[in-house]
Amino acid sequence: MTTRVFIAEDEPNILESLSFLLGREGWEVTSALDGNAALEQLNNQALPDVVILDIMLPHRNGFEILRQLRASPRTSKLPVIVLTAKGQEKDRKTAQEIGADAFVTKPFSNRDVIEQVKKLAGL
Amino acid sequence: MLSANLIFTISLAYVALLFMVAFVGDRQARTGQSSWIQSPVVYTLSISVYCTSWTFYGAVGSAARSGLEFATIYLGPTLVFIGWWFLLRKLVRIGHVHRITSIADLISSRYGKSTSLAVLVTLIAVIGTTPYIALQLKAVTTSIQVIVSSDPGNLANPPSDQPASEIAFWIAAGMALFTIIFGTRTIDANERHHGVVAAIALEALVKLLALIAVGLFVIFALADGPADIFSREAAKVLQTEDMFDARWVALTFLSGVAIICLPRQFQVTVVENTGEDQLRMASWLFPLYLMLMSLFVLPIAIGGLSVLPEGADPDMFVLTVPMSVGQDLLVLLAFLGGFSSATSMVIVASIALSTMISNHIVMPVMLRTPWTSIERSGDVRRLLLVSRRISIGVILLLGYVYFRLSGKSDALAAIGLIAFAGVAQFLPPLLGGIYWKRATATGAKIGLATGFILWGYTLFLPSFEGDLLLSASTIEHGPLGIGLLRPQALFGLTGLDPLVHALFWSLSANVVLFVLCSLLVEPKPLERLQGTLFVDVFRTPAGDEHRFIRRSASAEDLFILAQRILGAAEAQRLFREFAAGQGSDSDFPQPTDAFIAHLERRLAGSIGAASARAMVSQIASGETISLDELMKIADETAQLMEYSQEVEKKSIQLEATARELRRANQRLTLLDAQKDDFLSQVSHEVRTPMTSIRSFSEILLETRDLTSPQAQRFLSIIHEESLRLTRLLDEILDMNLMDRGEASWNLHELDASVPLSRAVETCRGLARSAGAEIHFGEPASAIVMADPDRLQQVVINILTNAIKHNTTAEPEVHVEGRLVGGEYVIEISDNGPGIPSHLRPFIFEKFQRGAAQSSTGGIGLGLAISKEIMKRLGGTLALVEDDGPGTRFRIALNAKALRSVAQRQNQAVE
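First to last, the protein sequences are chains A and B.
Heads up: take any position in the first sequence, counting from 1, add 77, and you land on my numbering.
Heads up: take any position in the second sequence, counting from 1, add 6, and you land on my numbering.
So that you can see chain A by itself, here it is in the shape it has in the complex:
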């Protein structure tokens, strides 16, 4: 069964690079460009194996989405990698507190991201 990864990222170029990387691993990639769309897709469609969640999203930021995911029994255990361009210790802490499984700072190393996804997907 193919590993499915969901990416919420508003920067088209970054989304494109991530999609290329993960797709090259043979994984199925779905994505959303803003917070509202991301939450809607996660709630209404089949759950992915791993979620890559950018914090600075329009309409609804990554932390809000994560809190909602953790609040719902369906998504409470969903593995989530938080992606941030701010790189502040404060953000890392917040992410951990509300239940992020991993934390990746932009600009990331491609290998890192893939490792993290593999780990969380149990590959």
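Since the hints were derived computationally from the structure, they do not count as laboratory data.
Note that the structure is predicted; figures quoted are calculated from it, not measured.
Check before you lean on any hint, since a few could be wrong.
Capping the alpha-carbon separation at 25 Å, the derived lysine to any residue pairs in SDA-like fashion look like this [to be verified]:
| no. | chain 1 | residue 1 | chain 2 | residue 2 |
| --- | --- | --- | --- | --- |
| 1 | B | Lys-902 | B | Ser-750 |
| 2 | A | Lys-195 | B | Ser-703 |
| 3 | A | Lys-167 | B | Ser-787 |
| 4 | A | Lys-163 | B | Ala-870 |
| 5 | A | Lys-167 | B | Val-688 |
| 6 | B | Lys-96 | B | Arg-534 |
| 7 | B | Lys-852 | B | Glu-816 |
| 8 | A | Lys-163 | A | Ala-114 |
| 9 | B | Lys-681 | A | Glu-166 |
| 10 | A | Lys-195 | A | Thr-79 |
| 11 | B | Lys-873 | B | Ser-787 |
| 12 | A | Lys-163 | B | Glu-737 |
| 13 | A | Lys-170 | B | Leu-676 |
| 14 | B | Lys-96 | B | Arg-608 |
| 15 | A | Lys-167 | B | Ser-689 |
| 16 | A | Lys-195 | A | Thr-107 |
| 17 | A | Lys-167 | B | Leu-685 |
| 18 | A | Lys-154 | A | Glu-174 |
| 19 | B | Lys-902 | B | His-754 |
| 20 | A | Lys-195 | B | Arg-710 |
| 21 | A | Lys-163 | B | Asp-736 |
| 22 | B | Lys-873 | B | Phe-782 |
Got chain A sorted already, so can you dock chain B onto it with the hints?
What follows is chain B alone, placed relative to chain A:
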């Protein structure tokens, strides 16, 4: 008939008795066994020095001539002692607290320790007392002459003049000797003369006894009791018509004033006082004494008038009445009574005057000469004693000279009243000084001097007979014939008794000028201080002065000074005592302010306040006079008050500053948060393109099987993101420069259409690659003040946004340059998606990517910078709120003048 020899022998014996009493009194006072000397009875008896030979002999004379008028002389003092007891008590208290040595000292001390005022008072006292002393000499001389050279049958004839001056001279010399011996034995700190006071008290008893004896003799031996006496023909003298007229009031007033202001009365009442309780007894005992003294005046006068032949001198009735019936013993007693009256007055008066002269005239003169000369000459104390002794001699000599000059002057009483009116001039500064704080030295001086001059002109000078000082014609017609200036009818005031006239002019001028000048001239600090200390003497504890005046001096220097004035033993005792009081067993105390003030008061007791002040001041901190320091203290106090006001003001300011600081702090906190925010934003803005660049470059490096279009695409993304990064950094730098005011501005007048057209041309390439169309008509021309590059930057910035973020199928951008009113307006609008209304308020803030929800980003700082630029150019940049689709920005600048191209060309042709 008594022989001259007997009289002289008796007189000498009596003087010897006085010597003994004085000697014993002095010794007892020194050894501390002074109980009877300090008794209020002795004190009261000494006050009777008021009753001189003028009273003793003259009262009878006055009664024989003018009836009851003599009673005024007793009435005034009685009223003062009974009714104005509190005034005397205040004087005594002030005398004790301030170690007052004389009336001159009191007045000078009160008015800022003024030396000139002391000199003035001393001069008036000397001039006013001299006739009085002459009067005593005359009384004693006449009495001796009467006894010796006249037989009862020849009493009507005046005695020859020749031996009189001789007798008077020897009497004066004898009195001088006695006074010098007992009045200047020591220089006492309190200027008290216990021995003299004892002798005076004895004399008081003798004169009272003598008068009573003669009176009783007249009533019961010559007549058949009081009823008989008053029924005699001569008693008609009592029925004078002008009783209780102005003169009567004036005399009562004058004698009341005299009991306070006469230097000798001040001496015995205030200076010789050893305790205020003495005054309590004196307040009733002295009036009683006066009553007894006056009781027999009328009987003796009536007896004399009825027994003695017409033309007999009534001033000598006390002697001549017993003489007429050959009562030698009674004559002798009467003589001794008169002699006592005269000597006690002369002794006390000359002591008082010599103190004033040496303290207020000799000492200041010595002090004016350089200090070193006194230092070499040795003991100031000896100098003081010598100057006092010489003063006494000079005073008696003056009295003698006056006696010689006015020897033929008539009634004794007249001379006495002249003296009274003279010293009455002291009353305004004295009363004003102890009851009115505002009284000033200037007022006292001008009032005193004017009163004194008027007194001299209207009363004293005319008293000299013949053409000696004022010619008869001057008195009659005024100086140079000016009637208004007639001495006894000044300014046309006629019809008054000369005494009342003189008293009226001198005292009213004195009072008016004293009050007026006091009100007009600000008192000096020391005057103010002394005024308060004197007026509030019952409220102020003694010796408070040092609190106001700070001085410093070495104890050794002070000792040398004290030794000179007090004598070595006394000075040593004083210093040891004070050192012990300070808790030290050394010979010298710490020269504290308290000690210096204490020493100054002790010295003031010997040499007067003004001199003591001057001498101590020369040592204490080398200053000339402490007035300066007082001023300094006053200044310091003022400064202190100012300072405390300032402190108050400062604390208010401080509060305001604290508030401002709090506000500033809040703003800083906010700014700090904004800065953190900004850094975080910048970090995000940089990291975002960096992420793409890194990620794609890793892909390019690591992936072997990339297709060429794929590689091409990834490389173009890297390129695009690196451009975005560069632009971002440029913007940050630009923003930073502008924020710090360091951006360079090339402002000048230019045609706004030029940079506008240039910006549009620059963006045409971008528009072509984005497939957008720019609609740009011929812009209006107008002169604006601007930096062309910056204006161009703003237009490009907005135009770029309009092109980049326009996601419609057929992107269009409209640009126009128009003149609206006095403004050049550039509008840039597009047919894009527009900016969501909730983001509109924030689009000009840094890193607000209002329209950049979508892809390209990179407008983080652009709008903020453009807005800032327009602000600097004095123009505006705004988002036009309208309902239409797309976005419309408006740039506006003040246009200075508008000129179309055509106009410019026209101008060129001209």
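Now the hints, each set against the structure:
Among the hinted pairs, Lys-902/B with Ser-750/B is consistent with the structure: their alpha-carbon atoms are about 23 Å apart, no more than 25 Å. Taking the CA atoms of Lys-195/A and Ser-703/B, the gap is about 22 Å. The hint holds against a cut of 25 Å. Between Lys-167/A and Ser-787/B the CA atoms are separated by roughly 55 Å; this puts the pair beyond 25 Å, and the hint is violated. For the hint linking Lys-163/A to Ala-870/B, the alpha-carbon distance of about 21 Å falls within 25 Å, and the restraint holds.
Distance hint between Lys-167/A and Val-688/B is fulfilled; the C-alpha atoms sit about 16 Å from each other, no more than 25 Å. Restraint check: the Cα-Cα separation between Lys-96/B and Arg-534/B comes to about 18 Å, which is no more than 25 Å; the hinted pair holds. At most 25 Å may separate the alpha-carbon atoms for a hinted pair to count; Lys-852/B and Glu-816/B exceed this at roughly 30 Å. For the given pair, Lys-163/A sits about 22 Å from Ala-114/A by alpha-carbon distance, which is consistent with the 25 Å threshold.
The hinted pair formed by Lys-681/B and Glu-166/A meets the criterion: a straight-line CA distance of about 17 Å does not exceed 25 Å. At most 25 Å may separate the alpha-carbon atoms for a hinted pair to count; Lys-195/A and Thr-79/A meet this at roughly 12 Å. The suggested pairing of Lys-873/B with Ser-787/B holds, with an alpha-carbon distance near 23 Å, which does not exceed 25 Å. For a cut-off of 25 Å, the pair hint linking Lys-163/A to Glu-737/B stands: about 19 Å separates their Cα positions.
The hinted pair formed by Lys-170/A and Leu-676/B meets the criterion: a straight-line CA distance of about 23 Å does not exceed 25 Å. Distance hint between Lys-96/B and Arg-608/B is fulfilled; the C-alpha atoms sit about 21 Å from each other, no more than 25 Å. This hinted pair checks out: Lys-167/A and Ser-689/B have alpha carbons roughly 14 Å apart, not beyond 25 Å. Pair hint Lys-195/A plus Thr-107/A holds up; C-alpha atoms about 17 Å apart against a cutoff of 25 Å.
Straight-line distance between C-alpha atoms of Lys-167/A and Leu-685/B comes to about 14 Å, which keeps the hinted pair within the 25 Å bound. The straight-line distance between the Cα atoms of Lys-154/A and Glu-174/A is roughly 14 Å, inside the 25 Å bound, and the hint therefore holds. The straight-line distance between the Cα atoms of Lys-902/B and His-754/B is roughly 12 Å, inside the 25 Å bound, and the hint therefore holds. Note on Lys-195/A and Arg-710/B: the hinted pairing holds, with a Cα-Cα distance of about 22 Å set against a maximum of 25 Å.
Simply put, Lys-163/A and Asp-736/B have alpha-carbon atoms about 20 Å apart, close enough for the 25 Å limit, and the pair holds. For the hint linking Lys-873/B to Phe-782/B, the alpha-carbon distance of about 23 Å falls within 25 Å, and the restraint holds.
The structure is inconsistent with the numbered hints 3 and 7, although it conforms to all the rest.
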